[in-house]
Structure formats: structure tokens, C-alpha cells
Amino acid sequence: MKSIKYLAILFFSMLTVSCSKYLNETPQGVISSQDLETPTNTDAQVIACYSSLGNDHYYTPWSSMWAYGSIRSGDAYKGGGGPGDISDFNALEVFNQVNPTWGTIDQAWYQLYVGIAYCNSTLQLINGLTDAQYPNKVERTAEVRFLRGHFYFLLKIMFNRIPWIDETIAKANYGNISNTALTSDQLWTNIENDFGFAEANLPVTQSDLGRATKGAAQAYLAKALIYHAYTQDATYSVTGIDQTKMNRVNTLCDSVINSNVYSLMPDVADNFLPQFRNNAESVFSIQYSNNDGTVQGRLDAGHCLDYPMNVQYGCCGFHVPSNNLINAYKTDANGLPMFATFNNNDVVPSNDFQTNTFDPRLDHTCALPGHPYKYQTDLLYDGSWARQPQSYGYNLSLKEVVNYRDPSFTRFAPFMSSSKNWPIIRYAEVLLWKAEALIQIGQQAKALPLINQIRQRAANSTSLLVMANGRPTSNYKIGTYQDGVNCSWTQAYALQALQFERRLEFAMEGYRYFDLVRWGIAGSYLNSYFAVEATRTPHLVGASFTPHRDEYLPISQNQINFSKGVYQQNPGW
Amino acid sequence: MITYSQQKLTIMRKLFLLLPLLLLAMFSFAQQKSLTGTVVNKNTNEPLAGVTVQGKNAMAVTDANGKFTIKVADGESLSFSFVGMNSIQVKVDKTSQNLKLALVPGENNLEQVVITGYTSEKKKDMIGAVTVVNVSEVKDIPQGNVMKSLAGRVPGLNISQDGSPNGAVGVMMRGITTLNSNNPLYIIDGIPTERGLQEINQNDIESIQVLRDASAASIYGSRAAAGVIIITTKTGKKGKTRIDFDASTSLQYFNSLPPTLNTVDHGKAYWQAAVNDGQDPNLNGIYTYTWNNNFTSPSLSAVNIPKYVDAAQTMLSANTNWYKEISQTSFLQAYNLSMSSGGERGSYLFSIGFFDNNGIIKTTNDTKVTARFNSDFNFFNGRLKVGENLSVTYMNDVLLPVTPINGLPGYTGGSGLFQLAQISNPIIPVHTVTGGWGGPVAGMDDRQNPVRLIYDFNQNHNNFGRVFGNTYIDLAILHNLHFRSSVGVDLAGNYARLLQKPYVSGFLSSPITSAYQTADYEGTFSWHNTLTYDLNYKKNRFNFLLGEEQVKDANQNFNGYGQGLALADINYAYLSSTTSNILVAGGGSGDALLSYFGKINYSYDGKYLASVTLRDDGSSKFGVNNQWGQFPAFSLGWRASQEDFVRKALPIFSDLKLRYGWGQTGNQNIANNATQTLYQSIYGTDITWNFNQGTAYNISGSGTGTMPSGYTPIQQGNPNLKWETTTQSNIGIDFGLLNNKVFGSLDYFTKTTTDILIQPPYLAVLGQGGGTWYNGAKMRNKGFEGIVTYNAKVGKDLSLTFTGNVATYQNKVLYLPSSVLTAYAGNGTTQTVLGRSINSLYGYDVQGIFQNQAEVNSAPTQPGDGVGRIRYKDLNHDGVIDANDQRFLGKTDPDFTYGLNTSISYKNFDLSFFFQGIKGGLEYNNYKYLSDFTSLAPGSNWGPRTLQAWTPTNTKSTIPALTLTNANNEGRYSSYFLEKASYLKLRNIQLAYNLKNISSFKKMQRAKIYIQASNLLRFKNKSNPIADPENPADAYPIPVVITGGINLSF
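Here the protein sequences come in this chain order: A and P. Last residue of the first sequence: 653 in the working numbering, with the numbers rising by one and none dropped. Last residue of the second sequence: 2216 in the working numbering, with the numbers rising by one and none dropped.
It should be emphasised that the hints constitute simulated quantities derived from the structure, not laboratory data. The beta-carbon is built from N, C-alpha and C at its ideal position, and this holds for glycine as well. You may find that some hints are simply not true.
Said to hold, decoys possible - Here are the in silico distance ranges between beta carbons for each label pair:
hint, chain 1, residue 1, chain 2, residue 2, range
1, A, Ala314, P, Val1790, 44 to 54 Å
2, P, Ser1742, A, Thr285, 41 to 51 Å
3, P, Ala2049, A, Val612, 47 to 57 Å
4, P, Ser1743, A, Thr269, 52 to 62 Å
5, A, Thr106, P, Asp2044, 55 to 65 Å
6, A, Pro283, P, Asp2044, 55 to 65 Å
Stated by the list, open to error - Think about it this way: if two alpha-carbon atoms lie no more than 27 Å apart in a straight line, the pair counts; the simulated DSS-like pairs of lysine-lysine are:
hint, chain 1, residue 1, chain 2, residue 2
7, P, Lys1888, A, Lys101
8, A, Lys251, A, Lys644
9, A, Lys644, P, Lys1978
10, P, Lys1208, P, Lys1473
11, A, Lys101, P, Lys1718
As the list claims (entries may be wrong) - Okay, the calculated bits of chain A under chain P, using three or more residues with CB under 8 Å as the criterion:
hint, stretch
12, 185-192
13, 221-229
14, 409-421
15, 611-624
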């Protein structure tokens, strides 16, 4: 019986193994939020904020904005394998099929808030450190606020009514912040405050070329203000132009110009060639990279669908310039744009780029059959490379793509893209914001040379636009505006010239639609565009813009549901 | 007081009374002979020791070799009975000598011993809902995973499978229990594991018990909510040394491929779509048409196919049937050899199995080698038993992208091979004129040539190894007090190496030659200690169990990737050979469980049965506040057939048992550190299909080189997390009628899961890693299960067995946090899944097709409507078709599932066939995107149903008019895509012939040859165009498997 006793004791001692210890499992391969509270890790989190700039994806291309700002503007068709291929984008293009339950709307919203959440948590980390611990405290704060301003800016122009979350709000309370807590005016002010802080505290230049600078912050502040200056009522009609804000835009642009850091590149092409990354025209660009230790590289994934269907490239034929846009590059006898008549005669079906005259920016922007593809005289763009000509014709977009032999070009089958930087603000835009502000405050005469500066640079940008034998690809003729000579530079004329110039210069760069909304002309402009363009391409039959609703995207139904009704849907949806 | 003489007298009297009987006996003796014989188990041909042989006047018991000797008279009947076997009667005649008898194991053997969680009990005493699987019915079906063969055989057990050679299946018990993993817990020789049974040699399995209700399962506590399946492997039997050899070869082929269009028909469908759209059909890159150019009454005279598909003239136009190109009729072989021996001192079993399955997709293959060594040894006159079970498995699989593999470097096709075979255009040739790969050209989808994927990937293999086993001691401290301690290990490791070759395939191409090496290990260590004590006091019988168990899991993985291999050769494709873009990754995690449990079984006179269980589980996955969960259970049983009054009143019942059980089980299946807020250093992720979740940024602006990076939040902690609990009640009847000729059981259960662990989608403003685990949902299943068997013997040689079972359940979501409602069917606000099945389907209601413009004009506003288009129902009567016009359209839950097994045994022949089916329920037909539409995937190949689509002259069609532009948004979730899911399948049919009796080889104890077929016949709802309703979209089709095999024992 003794042995039984011992065995029983042994057994019960086994039962009483220190249970709390046994169940202690240290998390593996992860760190806690407390571990981040060091200057080194805080600096690393600032990098994480920057990384959000380029962490977009073809389904939510907010770095390039082409799906939100280009195909909704009349400048481009969605492209790809017919309207069913990413049908959400087709709906964005034709407007009347947009649905608040769609994933792409939800995901874009989510991912922009991912960027904002990084910024807010990093600001909290920075605020937890003293100046002594973290000598870069103010400068890093300014960088992060600049980035937060960028993400909020994008949300604002896409969705209009958005919840404002900053570093002062505890995570537990996020669910209580409504997208209607702040007025549109207050949201703009908050965004401007972020850029304002950045502008006041950032250095003029950075040794890390990817970091935001004073000039970038001044330019972005000008950009926010120029949107804010067009006052909108509840139905998105533009009711007035805030002169004070326009004056500030003018001053801010002057600061950028007078900093002598920036200048126009000699050829407009330089902005979209990988070898000129971080050039003098780049005020703020997204830094992409390859051979950088990631699987495929940190590539411009947002544009990865925009290459042609041929052996040198291979996918996917998205982002097709509209016939209307191609026609807009026609010039008159003076080399000036044909504001009223450019679209009367459709140049695309005739493929006649020799007898008509064109702004050289046509061949920097649009891939046209028979023309060198991205300046490759040995690789003429061919109609057979088009994905779905019956839906979208034969053309493609050029600014975002690269020569397939360029080291920045990287495949990740079935897709491909490049590590070429993508400009968020280039100096040309600063010049045209200043011009726009001057025109809107009645100083259009001062705007004239600014616009002409852009046109003159375009006129000089022909050296790459040649065939193998040296002949110009198209018949180029471009002139500057000369008051009293080839035009009468009134305020109305100047505004028209400015608006047209912005289109020609920044076409396919992703923001055209937001210009139209800002100017209050989106509805009328797009519906008249559809009326003509639907006769040229079947996919636009039935497309229509509903004013007072379609200016902004609906708030994702998911987010409204997750908010338990705290979020309000935008009017009309 | 009785005196001595009185006593003596009494004895004398009795002797006198007995005398005639003794004389009679002596007289009889004179006419009797001594008969010898051997008794064996009919199924195994093993000799049966201890069989009671009862004659009229004599009785004998068989010895270790199954031999007996008994005195009998001619004309007398002998009865042979043995625990677990059906008794038989044999009449002795003059010729009778050296009898050979075979006993058949009884189907409803009430004396059968069933393992029910750390202990065992006799079937007649069981009061939980436990199904004992008849392993002999399924052991010869070469499925690579015995669970596949159980589909339809165990009521309430739902097996979802496809045809992939690897054999992985989904197993679900009694409906969906939780919103997390519904996989049951497997207990293999006492060791808990959640890995599937494809890694266990099915020939090694001695018994399978399925614990369906909580009163049976709750002894396994924390991981038992989704049911428990107990597997016991074979051991050596006392008696002779024995060698078993089993071999089978199978032929496999598809009988369920979805049809696709050929090149001409694809052209026709395109023409019709273009003409319907009023668009010039010749405006496409490939086909030209000869037609009347009349859009109002179009007629097509010829589809002209160009000589070459591509402008560069490298691909001749073809008429490729991509399914044929990727598939094959293939062979499957299975061999198994086992040797066992047993004696007084112990026993051992050694087995080795080889399984080689060439899949039906070309070059797919699963090779599996298993070895097992089970042994036990007795010491101190059997008071101490020491034993071990050890199995080693090696599996090798060809790594083809059969189902979509995203995120695996080296494969970025976006679709699985079957999808690709469906999508790929028939005009594309497999090869170019120069022997390169054919591929898509402009106008087609950016999807890979599936044949290229097969031949560019089949050099890549996954190697899997697993060591699984335990050692135990069992000490009889007293004859009725046992201490048992068992230490188990389960080590599994994977190793794979992938070579990605450069290729050009149409407009798809890649110059990259890369190598990818990956390895992961996972290990589980478990140790349990139990004390059992049996106490019999008069008619009271008690069994006590007290135990403790600890389980620790750990896993680690690492992988590396690099590009720039000088040779595209698998023998060169190691990481060290790569020269650029070299990436490494690795991770690991672990968790621990600590449990205490006890159980008391009680029975009074074999009539009244009761059991109480309590288990206390601690898990490292939960916060300190809620680390421990208690899982109690009790059950009560009444063997009414043991009561005299029942026997008298209901003599038809040979067995009748009523039972009731109640119990709780748990689930802890969540991320390991869900209670904590954590960050991870993620440098960058694969960007092919998803956005980059890394935090590195080229801040220097150089465009290349190593970058600084930060930390990615991965989750928000919830320190208050606690166990998810499933509470189950079960009421059941076990019955036997007519001497157990008919027997079965009926069970009704309710199963309610509360505090279901969910990680709901969250408000976007929380940013990346904003997900938090909550105890959020509540769900209930109610159901009924019945199984009945009928055994009949017709004449001497023919015996029949029919087993039928039926099961049904109804699922209802009782509670979900409002924030997660949108993640389930419904609109999340006014129409939600609350009060409905979690498997509800929600969408638009299709009301046919617009036949003419007048119908279109008078219908509610529907963006994109038109003649020939789908007409949706205006459910809220507001005159507009929008998101508010959706309703619940049904659910995927079947009304009931059923199985019917028939075995016919005639002399040496055995024929069995097994039907399985489901009735009711709907399924979503993904394939309709391609089979019925030219607009939803315009660059793909389509199905032949497109040729029957609606046109002004074919107005009876239910398929909407073909179009190239999906303006009407017809891909929306609607009743158009829902099909009736009912089916009935002939799962298995087998004919076996027992050679034993014709064999002259004496040592042969068993010899059987058989031929069988799996998945041979299929019946489904006529309206359902899905080829195999069991396996609707995009999965590996389930093949027909025809097998010939042999079982031999010496």
C-alpha cells in the first residue's frame, strides 16, 4: 500500500505544476507599442508614414489618382478588358452606376486612413519624447503633418465629408467621430493647418530627397487653398471665389518660385523619365524603388495596369486617352488651342497627325498607333497591342510608363511597372496655380507670362518626338498667347486659357476631375462630353453625370455600418 | 437441527435422484463422437480464441488457435457464440468432422468496447451520441484520407472534398458550430491533433469513433466544440504471428468537367454579342465574319478564323480544349504490408504503406510512405504495461498551382489550373510554331497558359514529414486502480523548393529565373496522466477517472527567395545560386494548454446509467483574467430493455436504451496573441494582388538599395478575451428489434455557441492592424440524426445488410454585434442574418428577361435595362431597382443529408454499394459568369449555354441576350446564380471474392480480391448546370476512381 501512496503523491504533484508559468507564452517575432517609444523607433515610424504614400495598388491607385481623377474627367477611358474588367472603375467613368457598397470605394477610404493612422500614432510617439531625446522633434512633426495633410487632402476631394482624426484623439473614441462633425470649411482649415505647420517648420532642402521640404509644404498649402477658395454650397455649386485665399495662393506660390530651388525642366518629358528622378521641377514626388530588398521592389503599383498587350510589355491596357483629349491637343494657325472647336472634328479615326497641327504634349501624353512608344523609335505603338479596341479604341497613356529596357522597369506577372517616381506636385503646377489665383483676383495680365512659360517649355519639348529617320512624329505647331496679337487677354479669356492649359499640361496625371469640380463645371462639362463621346465609343452610351450628387463619391456603406450610423451618407446617394 | 445421518441421507437421496440422469448420460456417451474444429473471424480469418461452443450436453471453449474438441451426437445442434460476433448454429451429421467455422462480427455488438475519451466502455453502457465507424467498410477505398470515405456514413458528419491527390478535406460536425475553424479534434491513440487524416495510413486504423455530442466530447474540453473523432491504430493480437499484405491499383478519370466553347462557337458567341450591341462584329482582333450586315435580322454565314492568332505570326489558330490538355486518366497505387505478433509478454505491429496518386491533372502527384511501429510489453504478471505507438509519414507533392496560389513568389498567375482551362481561349495553341508557349493576345484576359504552368512548375515539390506517436505506461496499482501516463509528440515539417523559369507566352512574359526555398516545422508535445478506478458493489458499478493534460505547440518557418539563376534547372535552383533580389523571411509562434479533468460513470444493474464530466482548461491564448474555462457535462441513460415489464410489454425490442446528455465544450481557435496590441517589422510584401503592407521607403530618393523601414501594426489587443463556449443537449434512443436484426439510434440535439470569437471588420479610421478579436456572436444549431441497420440472412449462404442514415440541422444566428452585420448576408441594417441561418443567401430577385421594349418601358427604372436583359424585381415597389431591392433568397444548408449502404454476401462473394446524397439547399454557381455571359469576362472563353441565349427569335431562353458591355450589372448577386444543390451519388460500389476457401495454401488465413469504383454515378437536379453539385466552383473536380485490389494474410 505504501507504493500506492507514493504514486498518488507523485501523481497529484504532477497536477499542481505551476499552471501560470506553463501558460505564459511570449509573443514571437513581434513588438509591443511600448517598444516603439524610443527616438530610433520613432524615426522609423516616420518612414512608415512616408511608405503609405506609395503603398497603393491598382485597385485603389491614390498615388496616381487615375481611376478617380482621370477617367472621370473626360480625358480618359477606363480601358482594360471591356467595361466588366474592374467594373467599379467603369462605374466611376459613366457615373450613374456608382454604388456605395463597392469595395473599391471602401478600400480607397480605408487605405488613406491607414496613412493617417500611421501619422497620428507617430505624432503621439514624437510628442512622448523631449527635444533633448529627439532633436529632430519639430522637423519630424512637420514632415508627418505634411503627410497627414496629403492623405486628408485626397479624402477631402474624393469624399468631401470625412471624419477628422488627429493625434489628440484616443483610439477608443474613434468610433464617435462623425464625418459630419466638421463643416467642409473646417476640414479645409484643418488640412491647411497641417500644411501651415509644415511650411513653418520644414527646411528649404533635405538631404534625404524623399522628405517633404518647405517648398513642398508651401505649394501644397497653396493647392489646398485654391480648392478651398472656390466656395461651394450644400449642392456643390460654386457660389464665390474667396479673394483672400487667392491672394494667399499667390503669395505662397511666390515663396516657392523665389526660393530658387525649383525650375521647369527643359523638356516636359523629363518629368516622366526615370533618369530625371527628383529633378528641379519636382516639388514633391513619391519615391519608388527597385532592387531594394522587397519582393518586386516598391514599384508604382497604382499604374501597373497601364502597359500595352505586346511581348515587350504585356498587360493590361488600362487608362486610355479619350478621343476628346487627343482632339484637345490640336492647335490653330497661331499654334493656340481651339477652345470651342477642337472636338468638332475627330482626328482619331483618321489617324491624321500630319495635316492637322498639334501641341507636342500630345505625343508625351498619348500612345498613338504608328508613333514611337515612349520615345522608342524602334518600337512603334501598334493597334494590335490594344486590349479591347471594340470598347476603348487603340490608344494608350504614356506619362506613367517607361522604356521596357530601362532598369526601373520591373515585371511581376501578369503585371509590370517601374520604380520611376511619380510627381504629386511639380513646379509647372505652382506656376499655373499662381496664374489661376492672379486671374481670379483680376490680375490676369500677370498670369499671361506664367502660362506662356509653360507653353514655351512645351514648344521646346520636341527633341524626343521623332521617328527613326528624325522626322517629327506629328505635325507640331504651338504658340504663346500674345495679347492683342493672337488673342484678347480678358479675364474670361485668361480663365479659359488657364483651364485649357492645365488640361494640356497635366492630362492623365490624375487630378483633372477635381479641377472640374473645384471650378463648379463638372456636371455641364461632362454631360456635354458624354453627348459627343458616346457616339464614338459604345461604352459611354447611357453615361450621365448627376449634378449635386456625383461631384463626390458616396461614403462606403461598410463604413457607415461599422460606424453604427455615426457617419452620414453624402447627399443624393 | 439436522444430524449427520440426516445429512448423509439427504445426499444419498439426491444421488439416487441423479442416478437415472447419470445413466442416461452414460448411455448417450455411448452414441457420441468427439468432434474437432476451428473457429475463425470471417473478416480477418484470424483464429478466434475463447469461442463458446455449446452442444446439447457438452460445452467447449476454443483455444488460442481457435481449435475446439467437443462430444456431440449426430443430429445435434452446436451453437457458437463469441463476444462481438453474431452467433451461429451448426447441425452435426455423420459426415461432420474437423469443422471449419467463421463467425461474422456483429454490427450492433453491444459488448463491443468503445474508446470514449481517456477510458473505454462497452457499447451497451454508452450514453453519449457516439458513432462507431465500420472500418472494414471503408478500408479498401483508396482515397488517401479515410475521412473522404466517411461522407454520408456517419449521420451529422459533413465532409467537403475535392479531387486533389493530396487528400485534404473539410470536416464539419452537426452544422456550423462557430465562425472560426469548424474542424473537429482528432484524438489518435490518445494524442490530440488538428491535422487532417491524409497523413495517416488508413490501413493502420483499427477503429474510428465519432463523438457527436457534448456529453461524450466534453472530456476533451477546450478543443472539442466542433466534435471529436477518436482514432485507434492497430496493435498485434495475442496468438500467432501474422503478415498482412494489401495491394490495389486504381484508374482515375473525370466525369464532371464543365463544357467550354470551341474556337468557331466562341466566335459565334462573340458575333451574337456584338450584333446584339449594334456594333460591328469585325471590330475585334481575331475573328472576321461573313454575315448579312443587317442588325435588325442578322444572320451569320461564316466565322472566319485567321491563320495566325498574333500579328507576329508565331501562333497558328487552334481549337484547343484546355481541359483535355491539362488532364489525364491516371493511376493510383496503394500497397500496405503489416506484420504483427502477440503473446503473453506483449505484442507488436509493424506496418509500412506506400501510396502513389498520380492526379488527373497532368504531372500532379502525391507520394506517401508511412511506417508504423506499435508495441506493448507486460511486466509483473501484467500489472505494468509499457507501450508505444509511433508513426512516420513522408509525403511528396508536385507543387502545381492547381488552386489559386497568390503571394507565393514564383507563381503569380492569379488563377488555378482549372480556372485557367475554363478561361483560356480555344483559339490559342498550346505551343507556338517554334515550340514556345502559346498565350493570350490582345483582347484576351491576362491569364497564363495552363499547360505552360504545368511544365514550368512540375519540377517543384513539397516534402512533408511527420513523426507522430506516444509512449505510455499503465500501472495496475490494484487490479481496479490504474495509473496511466502518456507522452506524445507530433512533429511535422515541410520543405519545398521552387524554381521559376523565364517564359514568353503570348503577351505574358517574364525574364526572371528565381529560386524559392521554404521550410517550416511545427511540433506539439503532449503529456497526460490519468488515474482510473473501477468499483463494483453489489449491482452498483462505478468508474472514476481523474486526469491532467498539458499540450504545447510551437512552430517556426523560414523562407528565402532570390533571382538571377544562371541555369533554369531545379538541381541548380538553390538560394546560394541566386545573384539578385535576395530576400529572406522567417517567423514563429507557440501556444500552450493545461487541463484537469475528471469523470464518473455509474451504472446500476446495467439498467440505470449516469455520467458526470468536468474539465478545466487553461490556454495561453487568453488574458490572465480569463485564462481558464470550465466545461462540465452530464448524461443519463436507461436501458429499458433490461426491465422485466418492458420486456413483457414490448417483446419486439431486444434492446432499448434512452439517453440524455448535456454538456459544454470550448473553442480557442484564434491568433496566438490576440490579447495584445502588437507591431511587426514588415519591410515589404508581394504587391501582385494586394497593396504593399510594408513600411520601407526610399527616403534617400536614390531609387534603389536597402531602405529604412518602420513597424506595421498587426492587431489591437483585447485583454478581456475569453473562451468561446458551445452548449449542447442531446436526447437519443438506441434500439434493437427482433433479436437485433434491426437496430439503430435516433438523436435530437440543440447546440448553442456563445461568445463566438470573431475579428470583425473595423472602422477604417483605425488604420492598418485595427482588427481586434472579440467574443461577439451567438449561434444555434438544432438537428435530428437517425441511423438504422437491417441484417437479414436468407438461406444458408446469402446475407444482406442495409444501413440507412439521415441527418438534418437548422442553423440560426442569435446574436451578432451590429458592427459586423454587414460582413454577413443582408444589408446590415433592416435585413440581417439575425434569426436566420449563417449560410443565408441575399441578393436581387430575377423576374425573367425583358421580352420587348414595351415591357422595358413599363417596368420600374432599372439602370442598364433593355430588351433581352435580366429584369429584377422591384421588391420595395418604389419604381427604382436599387440596392434596396434585395431579399433573402434562401440558404445553402440542405434540408437533410442521407446515406444508404447495402452489403450482400453470398458464399464467397461480397457486394456492397453505398449511396450518399443531400436534399434541398441552394448553391451559388460561380461558373455561370462564364457559361452564360459574354460580358462578365469578355476576354475569356465561355460556355456553350451562351449559344442558347435570348435573341428576338429565341425568346423562350432564360439566358439573357449576349452583350459585350455589362451595362445592366448582371453579375450582381441574384437568384440567377443560385442552383438547387440536391444530389445523390453512388459513392462506392465494391465486389469482393474470398479466395481463402479455394486456396490450397494452408498458411493463408485470408485472401480476398476485389474491384470497386468510387463516384461512379451522380444524380442531380435537372435545372442545375453545375457538373458536380458537390464541388461547385473552381475546385479540383472529384474523379471517378476504379480500383482492383487484393488482401492477403498469412
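Using the C-beta atoms of P/Ser1743 and A/Thr269, is the stated range 52 to 62 Å upheld? holds (59 Å)
Given the hint of 55 to 65 Å, check if A/Thr106 and P/Asp2044 actually sit that far apart at their C-beta atoms. Since the Cβ atoms of A/Thr106 and P/Asp2044 sit about 58 Å apart, the hinted range of 55 to 65 Å holds.
Given the hinted pair A/Lys251 and A/Lys644, is their Cα-Cα distance within 27 Å? Roughly 16 Å between the alpha carbons, so the hint for A/Lys251 and A/Lys644 holds.
Is 44 to 54 Å respected by the C-beta to C-beta distance linking A/Ala314 and P/Val1790? Given about 53 Å between the Cβ atoms, the range holds.
Does the stretch 185-192 of chain A contain three or more residues whose Cβ lies closer than 8 Å to a Cβ of chain P? holds (count 4)
Starting from the hint 55 to 65 Å, judge whether the C-beta atoms of A/Pro283 and P/Asp2044 obey it. Once the Cβ atoms are compared, 59 Å apart, the range 55 to 65 Å for P/Asp2044 and A/Pro283 holds.
Hint check: P/Lys1888 vs A/Lys101, CA-CA at most 27 Å. Holds or violated? With Cα atoms ~19 Å apart, P/Lys1888 and A/Lys101 stay inside 27 Å; holds.
Three-residue Cβ test at 8 Å for the coverage of the stretch 409-421 of chain A by chain P: Violated - the stretch 409-421 of chain A has 0 residues with a Cβ nearer than 8 Å to chain P, which falls short of three.
How does the coverage statement for the stretch 611-624 of chain A fare against chain P, requiring three or more residues with Cβ below 8 Å from a Cβ of that chain? holds (count 4)
Taking the beta carbons of P/Ala2049 and A/Val612, is their distance inside 47 to 57 Å? Since P/Ala2049 and A/Val612 have Cβ atoms about 32 Å apart, the given range 47 to 57 Å is violated.
Are A/Lys644 and P/Lys1978 close enough, with their CA atoms no more than 27 Å apart? holds (23 Å)
If you count the residues of the stretch 221-229 of chain A with a beta-carbon closer than 8 Å to a beta-carbon of chain P, do you get 3 or more? With 0 residues closer than 8 Å to chain P, the stretch 221-229 of chain A misses the three-residue bar; violated.
In this structure, the hints that do not hold are numbers 3, 10, 13, 14, in rising order.
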